[in-house]
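Asker: Chain residues, written in single-letter form:
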Amino acid sequence: MEKKKTTIVLFSGDYDKAMAAYIIANGAAAYDHEVTIFHTFWGLNTLRKEQLVPVKKGFMEKMFGKMMPRGADKMGLSKMNFAGMGQKMIKEVIKKHNAVPLPQLIEMAQEQDVKLVACTMTMDLLGLQEKELLDNIDYAGVAAYLADAEEGNVNLFI
Amino acid sequence: MEKKKTTIVLFSGDYDKAMAAYIIANGAAAYDHEVTIFHTFWGLNTLRKEQLVPVKKGFMEKMFGKMMPRGADKMGLSKMNFAGMGQKMIKEVIKKHNAVPLPQLIEMAQEQDVKLVACTMTMDLLGLQEKELLDNIDYAGVAAYLADAEEGNVNLFI
Amino acid sequence: MEKKKTTIVLFSGDYDKAMAAYIIANGAAAYDHEVTIFHTFWGLNTLRKEQLVPVKKGFMEKMFGKMMPRGADKMGLSKMNFAGMGQKMIKEVIKKHNAVPLPQLIEMAQEQDVKLVACTMTMDLLGLQEKELLDNIDYAGVAAYLADAEEGNVNLFI
Numbered sequence: 287m288e289k290k291k292t293t294i295v296l297f298s299g300d301y302d303k304a305m306a307a308y309i310i311a312n313g314a315a316a317y318d319h320e321v322t323i324f325h326t327f328w329g330l331n332t333l334r335k336e337q338l339v340p341v342k343k344g345f346m347e348k349m350f351g352k353m354m355p356r357g358a359d360k361m362g363l364s365k366m367n368f369a370g371m372g373q374k375m376i377k378e379v380i381k382k383h384n385a386v387p388l389p390q391l392i393e394m395a396q397e398q399d400v401k402l403v404a405c406t407m408t409m410d411l412l413g414l415q416e417k418e419l420l421d422n423i424d425y426a427g428v429a430a431y432l433a434d435a436e437e438g439n440v441n442l443f444i
Numbered sequence: 287m288e289k290k291k292t293t294i295v296l297f298s299g300d301y302d303k304a305m306a307a308y309i310i311a312n313g314a315a316a317y318d319h320e321v322t323i324f325h326t327f328w329g330l331n332t333l334r335k336e337q338l339v340p341v342k343k344g345f346m347e348k349m350f351g352k353m354m355p356r357g358a359d360k361m362g363l364s365k366m367n368f369a370g371m372g373q374k375m376i377k378e379v380i381k382k383h384n385a386v387p388l389p390q391l392i393e394m395a396q397e398q399d400v401k402l403v404a405c406t407m408t409m410d411l412l413g414l415q416e417k418e419l420l421d422n423i424d425y426a427g428v429a430a431y432l433a434d435a436e437e438g439n440v441n442l443f444i
Numbered sequence: 287m288e289k290k291k292t293t294i295v296l297f298s299g300d301y302d303k304a305m306a307a308y309i310i311a312n313g314a315a316a317y318d319h320e321v322t323i324f325h326t327f328w329g330l331n332t333l334r335k336e337q338l339v340p341v342k343k344g345f346m347e348k349m350f351g352k353m354m355p356r357g358a359d360k361m362g363l364s365k366m367n368f369a370g371m372g373q374k375m376i377k378e379v380i381k382k383h384n385a386v387p388l389p390q391l392i393e394m395a396q397e398q399d400v401k402l403v404a405c406t407m408t409m410d411l412l413g414l415q416e417k418e419l420l421d422n423i424d425y426a427g428v429a430a431y432l433a434d435a436e437e438g439n440v441n442l443f444i
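Protein chains in written order, with our numbering: chain A, 287 to 444; chain B, 287 to 444; chain C, 287 to 444.
Honestly, I wouldn't trust all of these hints.
Here are the simulated lysine-lysine pairs, DSS-like style, with alpha carbons at most 25 Å apart [what the hints assert, rightly or not]:
1. C:Lys377 x C:Lys335
2. A:Lys291 x C:Lys335
3. A:Lys348 x A:Lys417
4. A:Lys382 x B:Lys348
5. C:Lys377 x B:Lys289
6. A:Lys377 x B:Lys289
To be clear, the hints were calculated from the coordinates, so they are not data collected in a lab.
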């Protein structure tokens, strides 16, 4: 029997939305779905390494690089961010309720063979380079996403 | 013949987005779909009772409870909210054009047997308790959502 | 063999989100899918003509008309808009990397017979009239959207 498929386009760079994406992805993988998260636009920030990776960039690309959060742990909330306070509150309640914070959700996804894809077109636009992103991820464009999604049982845009 | 299925993850706590979710849900129910709205994160506010329900809470949970709107009628817009003015404008044009405001859309959904589910994991995080939410709703986690969605014809994340 | 189908609800009026919607739509059309973009709420602004079209409107409808961007080229970003600076930066990197700006993505979609639909209910609410919107688009409600989506292989809400 063919495996069921779940695909998520992660467009958002918000901590809470990325959390929702990864919780659904990990759930679907546990249900034995083939799961792909296609990171595009601000969602690419989820895949950034925390440390500063020295790369040559043009002016605009440097600007974007500085303005955008470096990695999942640095991202703000979509609501009630209050200059970062809401995000601290969320992290505190995650700890208190033994929920899993976003960086660990990403590790779990990689351990469960969720395919993490970075959208090459928007990497270009935002000036992000492969060595700035997590290891062991895939690189692809909208054609590859559609090939997965057209066979998908659950397809979401987050 | 099996019924078609529609599932919506309502992540957003914005009046306009929740309106879109409930209009699609009511439409699908009228089309004889089995419909589920899975409320998670800020989308849970759609299900809050308007009146203050006295419950014991920790400090963080009290804070979230105060900062978040109590029920559909209090939620702001995703765009052009202008400290509530945009929301007043939307409500006025809804009345003027005989459209259905959000609280009534929710009642209609309940009358049409749309399954309204509150995500227990994010209820925990935001410190929301069952008696603060509307009556006659379901409580479940991501596994139940996926079980519905993998059979869904239309699955949306809003 | 029946054609595969992709439907997108474009709720958002953000330049970057509309870009993502149209890139996926154009990709799916190139893959020979039947594609529909159903524009609702702020997503209707994507379809507005750039020039001011003189129409009779009530006070609220005039207000909405003035506050909302006239056409795709005027829309802001969902993130890092910084009073329009982020949007200028995005347009500049689009040019630099030979990517396609939103107004041209819309033209491409029309050339590829992507069905562009304006939601009549929300047109009413926001006071938008047919002659203010692009030529050669369709007008429909949620029932028509659902009829398309229930046969869809890829259904997204953006």
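Asker: Each hint should be assessed against the structure and marked as holding or not.
Answerer: Each hint tested on the structure:
1. C:Lys377 x C:Lys335: Cα-Cα ~19 Å, so holds.
2. A:Lys291 x C:Lys335: 40 Å, violated
3. A:Lys348 x A:Lys417: 15 Å, holds
4. A:Lys382 x B:Lys348: 14 Å, holds
5. C:Lys377 x B:Lys289: 46 Å, violated
6. A:Lys377 x B:Lys289: 41 Å, violated
In summary, the numbered hints that this structure violates are 2, 5 and 6.
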